[in-house]
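Trainee: Chain A is already provided as a structure; the job is to place chain B on it using the hints.
Protein chains: 2
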Amino acid sequence: MQSVAEARARILAALSPVAEETVPLADAAGRVLARPIAARLTQPPAAVSAMDGYAVRACDARAGARLTMVGAAPAGHPFAGEVGPGQAVRIFTGAFIPPGADAILLQEDATPGPGDVRVDETVEAGRWVRPAGLDFTLGDTLLMPGRRLRARDIGLAAAANHPWLTVRRRPRIGILATGDEIALPGDPLPPGGIVSSNAHALAALVRAAGAEPVVLPIAPDDAGAIAALALGARGCDMLVTTGGASVGEHDLVQQALGPQGFVLDFWKIAMRPGKPLIWGRLGEVPMLGLPGNPVSALVCGVVFLLPALAVLAGLPAAETATQAATAGAELPANDGREDYLRCGMAGGVATPYQRQDSSMLRALAQADALMIRAPHAVALRAGAAVRIIDLAALGI
Amino acid sequence: MQSVAEARARILAALSPVAEETVPLADAAGRVLARPIAARLTQPPAAVSAMDGYAVRACDARAGARLTMVGAAPAGHPFAGEVGPGQAVRIFTGAFIPPGADAILLQEDATPGPGDVRVDETVEAGRWVRPAGLDFTLGDTLLMPGRRLRARDIGLAAAANHPWLTVRRRPRIGILATGDEIALPGDPLPPGGIVSSNAHALAALVRAAGAEPVVLPIAPDDAGAIAALALGARGCDMLVTTGGASVGEHDLVQQALGPQGFVLDFWKIAMRPGKPLIWGRLGEVPMLGLPGNPVSALVCGVVFLLPALAVLAGLPAAETATQAATAGAELPANDGREDYLRCGMAGGVATPYQRQDSSMLRALAQADALMIRAPHAVALRAGAAVRIIDLAALGI
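Listed in order, the protein sequences are those of chains A and B.
The numbering of the first sequence is our numbering, which starts it at 94 and goes up by one.
The numbering of the second sequence is our numbering, which starts it at 94 and goes up by one.
To be clear, the hints were calculated from the coordinates, so they are not data collected in a lab.
Some clues are possibly wrong.
Derived Cβ-Cβ restraints for the label pairs, each shown as a range [what the hints assert, rightly or not]:
{"#": "1", "chain 1": "A", "residue 1": "Arg211", "chain 2": "B", "residue 2": "Ala467", "range": "33 to 41 Å"}
{"#": "2", "chain 1": "B", "residue 1": "Arg159", "chain 2": "A", "residue 2": "Arg103", "range": "19 to 27 Å"}
{"#": "3", "chain 1": "A", "residue 1": "Pro281", "chain 2": "B", "residue 2": "Ala478", "range": "56 to 64 Å"}
{"#": "4", "chain 1": "B", "residue 1": "Val116", "chain 2": "A", "residue 2": "Pro224", "range": "47 to 55 Å"}
{"#": "5", "chain 1": "A", "residue 1": "Ala477", "chain 2": "B", "residue 2": "Gly208", "range": "48 to 56 Å"}
Distance condition first, Cα-Cα at most 20 Å in a straight line; then the derived EDC-like pairs of lysine to aspartate or glutamate [said to hold, decoys possible]:
{"#": "6", "chain 1": "A", "residue 1": "Lys368", "chain 2": "B", "residue 2": "Glu201"}
{"#": "7", "chain 1": "B", "residue 1": "Lys361", "chain 2": "A", "residue 2": "Glu217"}
{"#": "8", "chain 1": "A", "residue 1": "Lys361", "chain 2": "B", "residue 2": "Glu201"}
{"#": "9", "chain 1": "A", "residue 1": "Lys368", "chain 2": "B", "residue 2": "Glu412"}
{"#": "10", "chain 1": "B", "residue 1": "Lys368", "chain 2": "A", "residue 2": "Glu201"}
Owing to the predicted nature of the structure, the values given are computational and were not obtained by experimental measurement.
Using N, Cα and C, we set each Cβ at its ideal position, and we do this for glycine too.
In isolation and in its complexed conformation, chain A is listed as follows (with noise of 0.2 Å):
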């Protein structure tokens, strides 16, 4: 059985990120960059006002002297003339300091008569003059491929004159859930079955990953039919099958797909809960075949599943982030499986629930965490250093 940390290194290994497509600025949030921005001028163009007052020289602006005014500069209307000795122009905020000023008297420290502006407070040279190119010049690169753009980042283009950018296109991954027993939600319900949620869930975290999800129709416990719905997969970046991954004569996604060339590389792993878990290749589509019970499909989604979208997405190769916490039980000693146990956090105390049935959803939706026990853990106090997965930080 493979490790998950070399399960994960051989999925990411054979992953690689999508093509690239331009899209328009206000679509680009949310999105992973593929080319660099540069900046397409320099910001401020020339020196500006930081705020509104008067632009003044410097040497000229004593306390209690009387600058005679010659003209405004609002924002966008540049002052035509110059600030000759004792003269002052009227500024305001981002405007052009007109040639021959070199600091800003502040409105609050001037007193305006008719004609003319008494100085209140001395002003010093530069005082509230933001520089040419203080935020950005002219050829900057602004922003480097593989960063997932933000408001920020979207205004730091915006800023650089950019309405189009050039990012990855989203994912593509097929969801093929398969069994007898499962029914989609409201539809008719055979004896024994139960409600289909893997695809369901599995679909909302591939959409939160920035990912587009395609939802296959659910197959039957046959293998003609799961080969024929996997091809609805071609053209899929990934394919993620749920259930027919164990080794029951009901399992069916390996015997169905070998005929359909799929190349399998390896299928168990040791891992708790999630051990049945198919990682391969279907022609040209990767695929990940997930385990059926709904904790082992959604805690494979996190652990094996948002890596993989993070690197087709054109994101650095990464293992879903960890945080310390501090063990609010005993923990037993653990067997060679790496566990994933569920539990409630409170003030940074992970308390790993009672139950850890790979079947009960609802526990997995109340959880805060997983926390992680690597295989042949020793027996840990209350108390003692632990690390988890904090669930509400990754958003699904």
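Mentor: Below, chain B alone, put in the same frame as chain A:
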């Protein structure tokens, strides 16, 4: 001047959640639930097997015993008969336990023969049996209103047999940037002009918070034009303006909108960056006027707009989350304005950038966090405890 906390409280108190809408389960991820979700069935509906193996009577299943095979129970195909003394039924994960059986003999602890199966490990009663209702019972309330639905919740709602969910609709937020000096990215730039970045950054922030931005055309510094364009926010749940909020003669938003029925609540806060903040109501539409400097606009977006969007979306009222950190440099005593310093973070240590000018968008895009300095905070040495807002965790 209002304090930040007073201003935020007044803003949040004036808002209420938007109306409900019914959406398909698959579209409900990321939305805020408006009505409780109750279980429409019991899960599992009867005792089921937790493993692949054999349904047996524990009293028969001592190591060495041979049990007669009387049938099979794959998931979704319940065994029609009963398990009598000395009998076993082949069973798979998730399948109903047939009447008479009270435990599962794991397939790895059994040796199948022709027509029978040998017990290799003694089985305890109840072993590997999931009782009816282990996950939830018909009528249980599983998810409560005011929760943003994540992948786990979507899975749980599916398992509880809900094809439709009632959520809050996405708040619609009108965004109006003002200023003669600004132009859209890629458009011709007037002399002394700068490229408009606020509307696009705020639209991305609004979208990241699950709301829907309506970006209005840029308004020139003209009262009539501002008034006409602000009408475009009719039917929005809030209007956000940028620029035109300070005391300069060219700050026109308040003047322009007064004749349109604008009622001011307050318009100055003891904050840096971001002193000139307008809060009021334009007819029926709550209006938040943000400063024009890009850093001020986004910092006020984090401090005021994000909490406002949460209330509109139906989430509990709360300030933007802060975390504990350690100061990476000496901090001077603060004046009367609450300060939000852009800083880099390294291992829990927050170090403010040297230059904190509110026009420096590139520095904001690079910043890891905002360090909060309360009004009149005393000087601190490096290593002192401070509070920060983690910008990456906010996804903006």
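Trainee: Would you say the C-beta atoms of B:Val116 and A:Pro224 sit inside 47 to 55 Å of each other?
Mentor: 51 Å Cβ-Cβ, so the 47 to 55 Å window holds.
Trainee: Should the hint that A:Arg211 and B:Ala467 are 33 to 41 Å apart at their CB atoms be regarded as holding?
Mentor: Given range 33 to 41 Å: holds, Cβ gap about 36 Å.
Trainee: So if I understand the rule, the pair passes when the alpha-carbon distance is 20 Å or less; does B:Lys368 with A:Glu201 pass?
Mentor: holds, 15 Å
Trainee: Note whether the CB distance of A:Pro281 and B:Ala478 lies within 56 to 64 Å or breaks it.
Mentor: At 60 Å between Cβs, range holds.
Trainee: Take the C-alpha atoms of A:Lys368 and B:Glu201, compute the straight-line distance between them, and say whether it is at most 20 Å.
Mentor: holds, 15 Å
Trainee: Is it true that the CA of A:Lys368 sits at most 20 Å from the CA of B:Glu412?
Mentor: Cα-Cα ~42 Å, so violated.
Trainee: Between A:Ala477 and B:Gly208, does the beta-carbon spacing fit 48 to 56 Å?
Mentor: holds, 52 Å
Trainee: Take the C-alpha atoms of B:Lys361 and A:Glu217, compute the straight-line distance between them, and say whether it is at most 20 Å.
Mentor: violated, 27 Å
Trainee: For the pair B:Arg159 and A:Arg103, does the Cβ-Cβ distance stay inside 19 to 27 Å?
Mentor: violated, 42 Å
Trainee: Hey, A:Lys361 versus B:Glu201, does the alpha-carbon distance stay inside 20 Å?
Mentor: Distance ~16 Å between A:Lys361 and B:Glu201 Cα, so the pair holds.
Checked against the numbered hints listed earlier, the structure breaks hints 2, 7, 9; every other hint is satisfied.
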